[in-house]
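K.L.:
The primary structure of each chain is shown beneath.
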Amino acid sequence: MQATVALAGNPNSGKTTLFNELTGARQHVGNYPGVTVEKKEGLYTSHDFQLHIVDLPGTYSLTAYSLEEVVARDFLVNQKPEVVINIVDASNLERNLYLAVQFLEMGIPVCIALNMMDVAKKRGIEINARKLSALLGVPVVPTIARTGQGKKELMDSAARIVQENTEFFPLKISYGDDVDSAMIGMEKEIEANNFLIDTYPVRWIALKYMENDEQILEKGRKANPELAARLQETVKKVSHHLLDTLDTYPEAMIADQRYGYIKSILKQGVIYQKYDPNRLYSSDRIDKVLTNRFLGPLIMLAILAGLYQVVFTYSEIPVGWLETIFGWIGAGVSAVLPDGLLKSLIVSGIIDGVGGVLGFVPLIMFMFFGIAILEDSGYLARVAFMLDRIFRIFGLHGSSVMAFIVSGGIAGGCAVPGVMATRTLKSPRERLATLLTVPFMNCGAKLPIFALLIAAFFAKHEALIMFMITLGAWAGALLVAKLLRVTVIQGAATPFVMELPPYRMPTFKGLAIHTWERTWQYVKKAGTIILGFSVILWAMMSFPALPDSKVQEFENQRQSLLNSAPAAIAAELAGAPKGADLSREALSLKAKLKAINHREAETVLRYSVAGRIGTALESVSRWAGFDWRTNIALVGGFAAKEVVVSTLGTAYSLGEVDPEESGALSEALARDPGWSPLAALGLIVFTMFYSPCFVAVVCISRESGSWKWGAFAMAFNTLLAFGLAVLIYQVGSALGIGV
Amino acid sequence: MRVNMRKMSDNQIGTIAAVKVAGDLGRRLRDMGLVPGTEIKIQGRAPLYDPVALRIRGATLTLRNNEADFIEVEVND
Numbered sequence: 131m132q133a134t135v136a137l138a139g140n141p142n143s144g145k146t147t148l149f150n151e152l153t154g155a156r157q158h159v160g161n162y163p164g165v166t167v168e169k170k171e172g173l174y175t176s177h178d179f180q181l182h183i184v185d186l187p188g189t190y191s192l193t194a195y196s197l198e199e200v201v202a203r204d205f206l207v208n209q210k211p212e213v214v215i216n217i218v219d220a221s222n223l224e225r226n227l228y229l230a231v232q233f234l235e236m237g238i239p240v241c242i243a244l245n246m247m248d249v250a251k252k253r254g255i256e257i258n259a260r261k262l263s264a265l266l267g268v269p270v271v272p273t274i275a276r277t278g279q280g281k282k283e284l285m286d287s288a289a290r291i292v293q294e295n296t297e298f299f300p301l302k303i304s305y306g307d308d309v310d311s312a313m314i315g316m317e318k319e320i321e322a323n324n325f326l327i328d329t330y331p332v333r334w335i336a337l338k339y340m341e342n343d344e345q346i347l348e349k350g351r352k353a354n355p356e357l358a359a360r361l362q363e364t365v366k367k368v369s370h371h372l373l374d375t376l377d378t379y380p381e382a383m384i385a386d387q388r389y390g391y392i393k394s395i396l397k398q399g400v401i402y403q404k405y406d407p408n409r410l411y412s413s414d415r416i417d418k419v420l421t422n423r424f425l426g427p428l429i430m431l432a433i434l435a436g437l438y439q440v441v442f443t444y445s446e447i448p449v450g451w452l453e454t455i456f457g458w459i460g461a462g463v464s465a466v467l468p469d470g471l472l473k474s475l476i477v478s479g480i481i482d483g484v485g486g487v488l489g490f491v492p493l494i495m496f497m498f499f500g501i502a503i504l505e506d507s508g509y510l511a512r513v514a515f516m517l518d519r520i521f522r523i524f525g526l527h528g529s530s531v532m533a534f535i536v537s538g539g540i541a542g543g544c545a546v547p548g549v550m551a552t553r554t555l556k557s558p559r560e561r562l563a564t565l566l567t568v569p570f571m572n573c574g575a576k577l578p579i580f581a582l583l584i585a586a587f588f589a590k591h592e593a594l595i596m597f598m599i600t601l602g603a604w605a606g607a608l609l610v611a612k613l614l615r616v617t618v619i620q621g622a623a624t625p626f627v628m629e630l631p632p633y634r635m636p637t638f639k640g641l642a643i644h645t646w647e648r649t650w651q652y653v654k655k656a657g658t659i660i661l662g663f664s665v666i667l668w669a670m671m672s673f674p675a676l677p678d679s680k681v682q683e684f685e686n687q688r689q690s691l692l693n694s695a696p697a698a699i700a701a702e703l704a705g706a707p708k709g710a711d712l713s714r715e716a717l718s719l720k721a722k723l724k725a726i727n728h729r730e731a732e733t734v735l736r737y738s739v740a741g742r743i744g745t746a747l748e749s750v751s752r753w754a755g756f757d758w759r760t761n762i763a764l765v766g767g768f769a770a771k772e773v774v775v776s777t778l779g780t781a782y783s784l785g786e787v788d789p790e791e792s793g794a795l796s797e798a799l800a801r802d803p804g805w806s807p808l809a810a811l812g813l814i815v816f817t818m819f820y821s822p823c824f825v826a827v828v829c830i831s832r833e834s835g836s837w838k839w840g841a842f843a844m845a846f847n848t849l850l851a852f853g854l855a856v857l858i859y860q861v862g863s864a865l866g867i868g869v
Numbered sequence: 037m038r039v040n041m042r043k044m045s046d047n048q049i050g051t052i053a054a055v056k057v058a059g060d061l062g063r064r065l066r067d068m069g070l071v072p073g074t075e076i077k078i079q080g081r082a083p084l085y086d087p088v089a090l091r092i093r094g095a096t097l098t099l100r101n102n103e104a105d106f107i108e109v110e111v112n113d
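Quick mapping for you: the protein sequence lines, in order, are chains A and B. If you use the numbering used here, the first sequence corresponds to residues 131 to 869, in order. If you use the numbering used here, the second sequence corresponds to residues 37 to 113, in order.
Because the hints were derived from the structure by calculation, they are not lab data. Each hint should be verified, as a subset may be incorrect.
Rough simulated footprint, nothing fancy, chain B against chain A, three-plus residues with beta-carbon under 8 Å [unchecked claim]:
1) 174-180
2) 191-198
3) 405-415
4) 794-803
These figures come from a predicted structure and were not determined experimentally. Built from N, CA and C at the ideal position, the CB exists for glycine as well.
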């Protein structure tokens with residue numbers, strides 16, 4: 131026998147733990163069609179049946195409040211799983227049954243997993259599962275997801291529902307006389323007109339109209355506008371009447387009656403509590419310290435800084451291995467292939483591209499592992515709780531802080547894992563504003579650019595300038611977030627109301643699965659696109675190639691240099707093995723040859739598409755004090771900010787400059803009359819705010835679910851950065867500061 | 037005596053008397069169990085005195101002060 135089983139339940143009810151326990155590593159993660167909500171599926175196999183398990187997003191209710199709820203509901207009505215397993219936290223039974231009641235109202239086959247029986251027991255809560263099952267009319271199976279206890283019984287129970295084809299009828303609760311009598315009339319009309327009933331149960335449609343459920347109202351208007359208007363009119367009448375007589379709304383009335391129904395069931399000997407429900411548990415005692423007015427913020431700072439250190443320090447090691455491995459592969463391929471386009475494409479386009487994609491993998495793994503610990507333990511909710519007051523001012527959410535810090539809120543992060551870290555945010559508008567502003571933080575790749583410019587123009591104030599850069603990034607990000615929230619991402623704050631779940635020790639299995647999933651998704655989804663882009667960017671820097679006459683010109687220069695040198699010296703240089711000691715004359719000849727090569731590289735770069743863009747932009751970029759060399763470097767910086775310094779080196783005929791040792795380039799800049807401290811400051815600010823690198827742009831598009839937002843980030847950020855740079859350069863020039 | 041939830045002091049206990057807000061916020065509050073007749077206890081406040089954390093049906097919820105404003109609570113003294 132085969133069947134589909136949907137897992138549903140409140141967040142923090144142990145749903146994910148149970149899903150992992152049931153399916154093990156045989157999971158598949160995807161998205162629900164058209165939305166960014168994650169869809170996890172897996173298989174549970176027993177000797178005589180196989181269940182296809184779908185993990186629905188965690189929800190507290192089945193209204194159309196959030197995307198998660200709509201997704202869960204749509205899955206239940208459209209895919210019609212044979213059974214819904216509702217995971218209920220036994221230590222928090224009354225509140226968890228609110229969702230269960232809504233499943234019962236839909237009349238779909240439900241089996242309840244009474245989870246966390248161990249926690250309930252510790253809290254002195256005893257539950258009579260058999261009695262609960264009899265009163266609700268559905269199977270109730272006690273489980274402990276963390277140890278896997280009860281999972282076999284649960285699956286057997288679900289399979290039995292399928293095998294015996296058990297019938298389920300929608301639960302009828304009284305929602306008070308006014309609502310009830312209006313609903314009877316509505317049900318008749320709905321049935322007589324065949325209104326939406328091929329998808330939804332009759333009473334449920336009437337109920338959703340009473341609840342003013344936007345999704346159902348919309349569908350109703352499309353199906354039968356005339357009847358839909360009449361139904362809404364009836365609801366309006368009931369609303370007015372309830373408001374006049376009882377000072378309440380139909381939806382509030384319905385919720386009250388649901389809770390009343392739950393209470394009446396629990397009262398019939400289902401639950402026995404030994405202690406006062408307000409009693410403080412160890413979790414509350416931990417909170418007394420961790421959210422303490424003075425200690426709380428200090429501990430939080432230490433934990434966040436510690437996480438940051440661990441992520442970026444330890445991920446450096448595997449990143450280094452990857453770099454070495456790709457370096458070897460690149461060198462190996464270089465040695466085998468003849469010079470030319472194919473070699474350049476494979477080495478600079480493909481191998482560097484794949485290396486670039488995989489270079490982020492250790493970072494993403496470490497970051498998600500760290501965040502999973504904070505999230506699964508319950509601490510992340512406390513971070514949101516403590517910081518919400520500040521972030522709310524800017525139209526963000528307390529949880530936004532994680533993304534900002536990972537992106538470089540402490541200088542040296544990376545926006546790619548930062549953008550992905552916004553997944554912990556459940557409020558859609560706040561999340562979008564966060565993921566659009568985290569790239570303003572100073573990621574590790576921007577730091578060498580700052581170091582170069584500071585060394586050239588502000589060497590005496592290094593620490594101060596770095597500090598100002600960090601502060602500036604935060605100020606810019608928060609202010610832009612506020613700007614976005616009052617313009618393009620307008621809308622009231624999403625209700626903050628959330629649960630502070632009890633602290634729990636994360637399970638290693640849960641952490642590992644979580645980390646692996648996220649990393650694999652990055653490689654699979656973002657990786658392929660990024661590889662394509664890196665080939666395109668390679669082409670922009672390499673095409674069109676120098677015309678043969680130009681190449682010949684450089685070749686002639688080299689030849690004439692060699693011919694003019696004494697034959698013995700030229701022979702010494704040509705014949706010497708790599709790394710051999712050379713005479714002074716030979717060394718000087720070698721340096722001269724190198725200078726010609728660097729000039730050639732500069733000419734090649736300027737001749738390429740990227741170079742032409744940079745040159746063409748010069749007339750505009752002059753406003754900010756940037757010449758064509760800076761422009762090319764910044765265009766290259768779109769591929770990866772790491773490239774800016776080395777491209778600038780090529781443009782200054784210094785060859786490819788190692789960003790870690792940019793002393794010569796820094797001197798060249800300081801000597802160049804086209805540069806000034808003012809232009810350098812403009813470039814620092816421009817670097818901070820301009821377009822995220824394309825890996826980040828791809829991730830922004832993926833996470834926001836639309837390329838529109840990726841394009842927005844590129845255009846908006848670049849315009850903003852340019853505006854600021856022009857402002858600095860023009861005002862400074864006018865006042866004669868730093869010129 | 038009926039007071040606004042924002043006005044309640046830490047560790048004070050009361051029973052929700054009314055939740056006067058419709059729309060998304062009203063729905064969310066009800067879904068989280070904040071309905072009339074429910075006993076709550078103020079557990080504490082964030083370092084900047086907002087949001088507030090409260091104990092309800094054995095669980096801990098937090099909400100912003102401007103969300104607590106819509107909730108009226110019956111307290112003993």
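K.L.:
With reference to the structure, classify each hint as holding or not holding.
P.N.:
Now the hints, each set against the structure:
no. : hint    : in the structure
1   : 174-180 : violated (count 0)
2   : 191-198 : holds (count 3)
3   : 405-415 : holds (count 3)
4   : 794-803 : violated (count 0)
Consistency with the previously given hints fails for numbers 1, 4, ordered from lowest to highest.
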